[in-house]
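These protein sequence lines map, in sequence, to chains A and B.
Counting the first sequence from 1 gives a position; the numbering used here is that position plus 3.
Counting the second sequence from 1 gives a position; the numbering used here is that position plus 3.
Simulated from the structure, these hints should not be mistaken for lab results.
A portion of the hints provided could be inaccurate.
Since the list gives no way to pick out one identical chain from another, each pair is judged satisfied if it fits inside one copy or across any two copies.
Quick list of in silico lysine-lysine cross-link-like pairs, BS3-like style, CA-CA up to 30 Å [what the hints assert, rightly or not]:
#	residue 1	residue 2
1	K178	K82
2	K73	K171
3	K168	K108
4	K108	K171
5	K168	K98
6	K49	K98
7	K15	K168
8	K91	K108
9	K168	K49
10	K167	K109
11	K87	K167
12	K158	K69
13	K15	K113
Protein chains: 2
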Amino acid sequence: MAMQKKQRAKAKYTGYVATSIDGRIASGSHSGVNWTSREDWNFFQKSLLKYDAIIAGHNTFMVAKKRLEKRNTIVITSKVSTVKTDNKVVFINPKNTNVKNFINKKGYKKVAVIGGGHIYDFCLKNQMLDDIYVTIEPFVFTAGVTMFQGAYFRKYRFSLESIKKLNKNGTILLKYKNGN
Amino acid sequence: MAMQKKQRAKAKYTGYVATSIDGRIASGSHSGVNWTSREDWNFFQKSLLKYDAIIAGHNTFMVAKKRLEKRNTIVITSKVSTVKTDNKVVFINPKNTNVKNFINKKGYKKVAVIGGGHIYDFCLKNQMLDDIYVTIEPFVFTAGVTMFQGAYFRKYRFSLESIKKLNKNGTILLKYKNGN
Numbered sequence: 004m005a006m007q008k009k010q011r012a013k014a015k016y017t018g019y020v021a022t023s024i025d026g027r028i029a030s031g032s033h034s035g036v037n038w039t040s041r042e043d044w045n046f047f048q049k050s051l052l053k054y055d056a057i058i059a060g061h062n063t064f065m066v067a068k069k070r071l072e073k074r075n076t077i078v079i080t081s082k083v084s085t086v087k088t089d090n091k092v093v094f095i096n097p098k099n100t101n102v103k104n105f106i107n108k109k110g111y112k113k114v115a116v117i118g119g120g121h122i123y124d125f126c127l128k129n130q131m132l133d134d135i136y137v138t139i140e141p142f143v144f145t146a147g148v149t150m151f152q153g154a155y156f157r158k159y160r161f162s163l164e165s166i167k168k169l170n171k172n173g174t175i176l177l178k179y180k181n182g183n
Numbered sequence: 004m005a006m007q008k009k010q011r012a013k014a015k016y017t018g019y020v021a022t023s024i025d026g027r028i029a030s031g032s033h034s035g036v037n038w039t040s041r042e043d044w045n046f047f048q049k050s051l052l053k054y055d056a057i058i059a060g061h062n063t064f065m066v067a068k069k070r071l072e073k074r075n076t077i078v079i080t081s082k083v084s085t086v087k088t089d090n091k092v093v094f095i096n097p098k099n100t101n102v103k104n105f106i107n108k109k110g111y112k113k114v115a116v117i118g119g120g121h122i123y124d125f126c127l128k129n130q131m132l133d134d135i136y137v138t139i140e141p142f143v144f145t146a147g148v149t150m151f152q153g154a155y156f157r158k159y160r161f162s163l164e165s166i167k168k169l170n171k172n173g174t175i176l177l178k179y180k181n182g183n
């Protein structure tokens, strides 16, 4: 009987984005998400309970600090050099620390990625975005922070898994899976 | 019996946008839309036949010149000072000419707005975008031209009129109405 080395199960990463019709997630990098519908907010908050850990950028963390401090939160930031821990919150500089290895060592299986635009881009580039929930609120902003803030154009293919109307104002929730 | 002054009916403006999940419409301002699905392309080309005139920016016009030359096309551009006419194509600088008045004088009733990002923004700001068809192709680009290229953040409210799946790859077509 062959011995089989037990492999550490990789974490699964799920993004949550609330966006305007034109792909903007905030007016500026320090502004909150108080423009989203109650239905999306409820969906988002309820969803987060299912995750072992949450990944956020520093701006997003600051905006939602009170809530995130209660959870296993990984803050991706250039403001630290080595890993810095503050109770349940860990600050990591991805230039110096492999975030994926860190998460696997911690044994987290389900990780939620909650933004902002640089973090979504970082996770997508590093195979840390297996699927993504996109809530489209019925607004056009014409300017502001884009959903993904990448340095250059690249074509990542997704497949649509579901569409759901969240309210009668026209807020919709799309679920996409990375690749196809 | 009271005399009633006959009012010139205003034109109705409908936008057509094909976008990635993250609100990008092209890799660069001179690139075409060869990344969209056949289903969207067919919908778009068939739809345009219903319009009296088409509004496009100069880059969009150059990319689709052969097709647009056959139609009443209004090219919004800073490259001319006064109105310049070339068969069915009219070049207008909105700094010097009121585009809306021009369209009303021409008697156009149904006008399609086909981009790019500066033109969608111009039309939205000038009450020349009554409704908009948004095709979302199942890609993330992380960079590139944004759907609306506005100078500052503003919240325009739309209402969702319909959702349609265009193919099994997950291309969806949303129809929004300006205001609510």
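| field | Hint check against the structure, violated hint numbers in rising order | value | Of the numbered hints, 1, 2, 3, 4, 5, 6, 10 and 11 do not hold.
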